[in-house]
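Chain A is already provided as a structure; the job is to place chains B and C on it using the hints.
Chains as they are written, first to last, in numbering that gives the first Met the number 0: chain A, 0 to 429; chain B, 0 to 50; chain C, 0 to 385.
Don't take every hint at face value.
Taking lysine to aspartate or glutamate and the DMTMM-like style, the derived pairs with C-alpha atoms no more than 25 angstroms apart in a straight line are [what the hints assert, rightly or not]:
no., chain 1, residue 1, chain 2, residue 2
1, C, K248, C, D268
2, C, K320, A, D1
3, B, K27, A, D270
4, C, K6, A, D280
Note that these hints are calculated values from the structure, not bench results. No experiment lies behind these values; they were computed from the predicted model shown.
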Amino acid sequence: MDATTSATVVLVVMVVGYALAKWLKLSTELSMVVAALAGGLAAGFGVPARHIAEGAMTYLDINLIFFTATLFMNILKESGGVAFVVRGMFRRFHRRRAVLLVMLTILLLIPGALTGAGSVTVLITGGMVATVLVSMGVPKVKTAAIVFVLAGLSAAAPPVSLWAMMTAAGVNMPYVGFFWPLLLPCLLAGILTMFLLGWKGTPVEIDRALQDLPEPPTGMNSLRIALPFLVFLALVLAGRTWPHSVVVMGLPFMFLCAALTSFLLSPVKIDFLRISRSTIDQLLPLLGTLTCVGILVQLMTLTGARGLLAVTTVTLPVLVVYASLFIVLPVSEAVLMWGAAPVLGVPLVLFFNTIGLNPIVALAGMSIIWPLGDALPPTAIIGRLTVDITGYKESYMSFLKACIVPAIIISIMGTLMVIYSKELGFLTGI
Amino acid sequence: MELIITIIYYALVAFVSALLIYNLIKSKEWQKEILTIIVLIPFLLRLFMLK
Amino acid sequence: MTPMLRKIVFSVAGLLLLIVSGMSFYESRNLKEPVVVSDGVTKVVRLSTYFSPLQGTANDCNIYILEGKEPGATLCILGGTHPEEPAGRLATWLFAENAVMSKGRLIVVLSANRSGSTVTRVGGAYPPDFTIPTSWGGQTFRLGDRWSNPLDQWPDPEVYIHYPSFQELAYVDIRNLNRCWPGRPNGTLTEKTTYAFMEMIRKEKVDIVIDLHEAELQYPVISTIVAHEKGQELAVIASMMLTDMEGFKMGMEFSPKNLHGLSHREIGDHSDAISLLFEAPEPFLDATRGRTTREQLLTGQDDFVVKAGKHGLLFEKIDEKGWPIDVRVGRHTSAVLQVMSSWTEAYPDKPLVCDNVPRYAEVIARGTGAFLRAPAEARQDRLFHE
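Extracted from the complex, chain A is given alone in its bound form (with noise of 0.2 angstroms):
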């Protein structure tokens, strides 16, 4: 059997055992480990307990980031300090709409561009903010579809992008020049949502909907909250300013940091276990996710059938692989999640690098569009999630169709990014 053929059995071979295990009602992350044993026997490595293994290792220090991130993030909404934000924006920009929704998009982005997942911007920031939305006369749908297409960007923003990092880790490129190509296109697309989505609505009422947010406790105050992200901010400058000063620290410790200054200034007694516990029974889904896509990817990777993905993609004509991003990066992504990035991503940006385009702008391109596939089945996991944190009880197509325009703007954003990533190489600072 020739090697194409091989790898193709193994592929296919894949593609059943992830069918038949989602058929079997397992979650989309056993079902990977379901698909990367069935490779590897099909491939006659038997099940290699070394490879498994090390492929598990792949995304340790991502999942701590995310451990560490998430708890900040939940120390920070435990202590009041999200409500107490959230209604004085509100108190304060009621009567400027306008002023009131580019600073619901700047909240929705922020947990996901610190942590990378969107997921957490729907837990930490989504319930809040779709209670001012629909306070502010936006429908129950629009305020799930900008909750979702801002989680998504928010995820895709940096400083964390995990899309571009996995991808980029891949190519043996540096995380390095992606700051502005994943912020400009994350802010504009998300300004863009929010208004299109949230503009038309009915004059606020201010009563009802203060009655509905959370009570911050008495105590909090604006330097409580500021603190830790300053902590944080001070971390990372001084690693930047003084790195042969400075011992290494990495994001994980600075994270801690943050989250140990918030825990410390919080107005209310925080039970720091049991935040602990539950951040990681949160995050379960997220670490197993990274977990066993690093599993998939290492067995594809030693069966060859990474090998043949990436030399199909890259041998394919560059119209077809333009035209079809805005179905395959959604479609991977709802099918692998992360791990669409380095089975799909790493291909597209060696064929882009191949082409002449900037890999890095390309790739901030693609890492845009991909959070969209969050919404479909069949893992759908931030798509669901949205649904249930915003209230929204009527059927999921049509939450699904509200976020089409949204969608398609952000799609031609992207693939236009791609196409054009070469006269867009400045941003990139290198």
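Showing chains B and C alone in chain A's frame:
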């Protein structure tokens, strides 16, 4: 100082491992239990300085 | 099944996976690679001789010194900067086990980033080791990774800012030996390692440093000598001679002045030595590769990489014959020997003459293993381990 930071990281890994084990004991769904064990493996490999 | 029993069953399965994989990781981290030094090796010291804080760390590697019968220049060969590029390490093995210097001095490093040789790349599905067949059975080597082992250096920063240029690099490259030159005494393990090498280069008054590498075929810097401007003439002549006399193509390019942390730039900038870096083709590193196996590593044969080549996506040719390890090792030994003879022609008062090391054609004809010496038959004082 470098060593202290490294020790903090190992402590963090130990803490997350302990949380995962706690959640594994408390869990009632079999799929969640398997996933917890899969997630736990890399943390333990690092904690025991094997990988 | 009760929930508790179920949990126990799952946990036992997880524990089994942990133990089996853990043992494999432990074994490959501690696999000893024998080196039976040639009669030409006059001294073996540790890298910490030049910078004591490295003592007791994973990167306190052996330095093999071959003093010539007659004085001359000093050349240093670095193997294992990126251990996942095995032809570089194997070429240094052939020097350490065979070379005799009749003029000048040779310093050979087999595991420049020893820490990096004790781990394989996550997600890369690398085999933990590979075996080179020999008449006495075969010798097994650790495959290793591009970066230092996180068990020796952890955590990574949010972004890696190179010393002293302040150039921003990927966070993970703080563990990449070839992004950490010239290093610093109070830096990370990898930075301390390059600092120690710089101290060695300065104290031993090294004239030429050659860093041996391999590259994926999709990478533009391949089958070439990358030269610091101080080594321009030497590299041009060596490249021409190799292409004319040995029958393989060897290009030459300049070390970019604004690309920091690499040996070909920083060693030349921060010492009196000329710095050169050699790249041989290694299809095993290509992202389009098929099955990731020991066989692919050693034969360099890969249908998918060939397909990518047919679509004009590669910077080096490849056909079904692939790039066997002997061809890659032979390129390196010949290129080093050629640099020595080109240098000697240019500086006859500071010659470098090395005997007994096989060149390209001979390595291909007899195989790399023919030049590895049996540890079982070695005198104990001539046997070292990497």
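Is the Cα-Cα distance between C:K6 and A:D280 25 angstroms or less?
Holds. C:K6 to A:D280 sits at ~17 angstroms (cutoff 25 angstroms).
C:K248 and C:D268: Cα distance at most 25 angstroms?
violated (28 angstroms)
Hint consistency between B:K27 and A:D270 [alpha-carbon to alpha-carbon, up to 25 angstroms]
holds (23 angstroms)
Between C:K320 and A:D1, does the CA-CA distance stay at or below 25 angstroms?
holds (15 angstroms)
Hint compliance for this structure: hint 1 alone is broken.
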